[in-house]
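One line per chain: the protein sequences are A and B, in this order.
FYI, the numbering used here numbers position 163 of the first sequence as 928, with every residue one higher than the one before it.
FYI, the numbering used here numbers position 173 of the second sequence as 209, with every residue one higher than the one before it.
Because the hints were derived from the structure by calculation, they are not lab data.
Treat the hints with caution; some may be incorrect.
Claimed, not checked - Now the stretches of chain A that chain B is said to cover, found in silico as 3 or more residues with beta-carbon under 8 angstroms:
#1 778-792
#2 810-818
#3 821-829
Said to hold, decoys possible - Here are some chain B residues pointing at chain A (derived, C-beta under 7 angstroms):
#4 A47
#5 A50
#6 P120
#7 T192
Ideal Cβ placement from N, Cα and C applies to all residues, glycine included.
Each chain, written out:
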Amino acid sequence: MTEAELKALMLAGLAGDAAAHARLLAALAPRLRAYFARRMGANPGAAEDLVQETLLAIHLKRGLYDRDQPLMPWVLAIARYKLVDSWRRSGRRKMEALDEVDELVAEETADGTMARRDLGVLLARLPRRQQALLHDVRIEGLSMAEAAERHGLSVAAVKVTLHRSLKALQALVGVTRSTSDGEIEP
Amino acid sequence: MNTDELIAILARDARPVRDGLVQRRLATFTGAGLCASLLLLLAWLPPRPDLPQALHGTIFWAKGAYTLCFALVGARALERLARPDGRVPPGVPGLLAMAVALMAGAAVIGLARAAPDLRIALWMGDSAPVCSLRIVALAGPLLLMTLAATRSLAPTRLRTAGAAAGLLAGGLSASVYALHCPESAPAFIVCWYSLGMLSCAAIGALVGPAILRWR
Chain A
766 MTEAELKALM LAGLAGDAAA HARLLAALAP RLRAYFARRM GANPGAAEDL VQETLLAIHL
826 KRGLYDRDQP LMPWVLAIAR YKLVDSWRRS GRRKMEALDE VDELVAEETA DGTMARRDLG
886 VLLARLPRRQ QALLHDVRIE GLSMAEAAER HGLSVAAVKV TLHRSLKALQ ALVGVTRSTS
946 DGEIEP
Chain B
37 MNTDELIAIL ARDARPVRDG LVQRRLATFT GAGLCASLLL LLAWLPPRPD LPQALHGTIF
97 WAKGAYTLCF ALVGARALER LARPDGRVPP GVPGLLAMAV ALMAGAAVIG LARAAPDLRI
157 ALWMGDSAPV CSLRIVALAG PLLLMTLAAT RSLAPTRLRT AGAAAGLLAG GLSASVYALH
217 CPESAPAFIV CWYSLGMLSC AAIGALVGPA ILRWR
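Bound-form chain A, shown alone (with noise of 0.2 angstroms):
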């Protein structure tokens, strides 16, 4: 459809035909999805909503096309302020859900940190293998291979000890969690 009879079915919907209305949206819906889909790029479920908002915006601003000016930019100037707004909400999205993140990340540190230094000192009451291998595996965060080959014992007997060196600060915490044979786990 050219230019020419899109501006006339646009200026028959202006006069109140619904019927040129519609073959009017149903003609630019095409057109505004290769728009969008060119500069949207995998995101196809996007574009379309870009497609219907404009779509929508052309319904409830039709009273501001001037009827002398061409159709077209009128229709993709509208195009382009949506695909600019969305940019802008979905960068903005993003910003405050990177915020989010940094806050979170700052709050598991200064958690972390706190219970790195209760940790410091429960330790120093246990057997010293037992603050060893701790040590290696929940705070540095070696496998059990790994801390079993440092201290020349079986990956068993690491699980073992490391069993008994929980229930021994579980004890002294006065803390028993269901949990903590779980944790020690890799």
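Keeping the supplied structure of chain A fixed, place chain B upon it in accordance with the hints.
Coordinates of chain B only, in the frame set by chain A:
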């Protein structure tokens, strides 16, 4: 909802639309803002005591033509920029430049004819420190209304549209202020009136991108 359903719903809502929506909307809102600005002036500052005589002089009208020219330029630009595909119409910046050039020329002639020790007095008048600020203050209600009208339409160049809304508000506000202000030297007007009006445009440009967004 799929797009075909949306189109069907929108088509059912296709009532006839009258032409001239932009002009009507801008005129209504700006008219309301102008009334508010006049009321603000009446409540705040007395009209110049020589207003009846001034109405018969040319300087009052030259000053009014100058400030209304700013308003006209703002209105012409805003009428376009309130639409999605709107641009600053050609010739409009030139009109503004011509008005400023004319007033500046008159200012230079006035200053050249004055005795050297009176030139500062011509330029500063009796109210230079407050003039621009009062124009901006009187433009407050006007700017709110021109921005509200623009936002209710569909601008896409938000900063430029904000500046045009500010220029319209500033030009009308300066015209309102002229009912109070008896300053008549072109040197005063071209400096302090222009500064007030352009400040309004700057405020509009500053807030435009944030508050002219429509969905």
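Hint-by-hint comparison with the structure:
no. : hint    : result
1   : 778-792 : holds (count 11)
2   : 810-818 : holds (count 3)
3   : 821-829 : holds (count 7)
4   : A47     : holds, 3 angstroms
5   : A50     : holds, 4 angstroms
6   : P120    : holds, 4 angstroms
7   : T192    : holds, 4 angstroms
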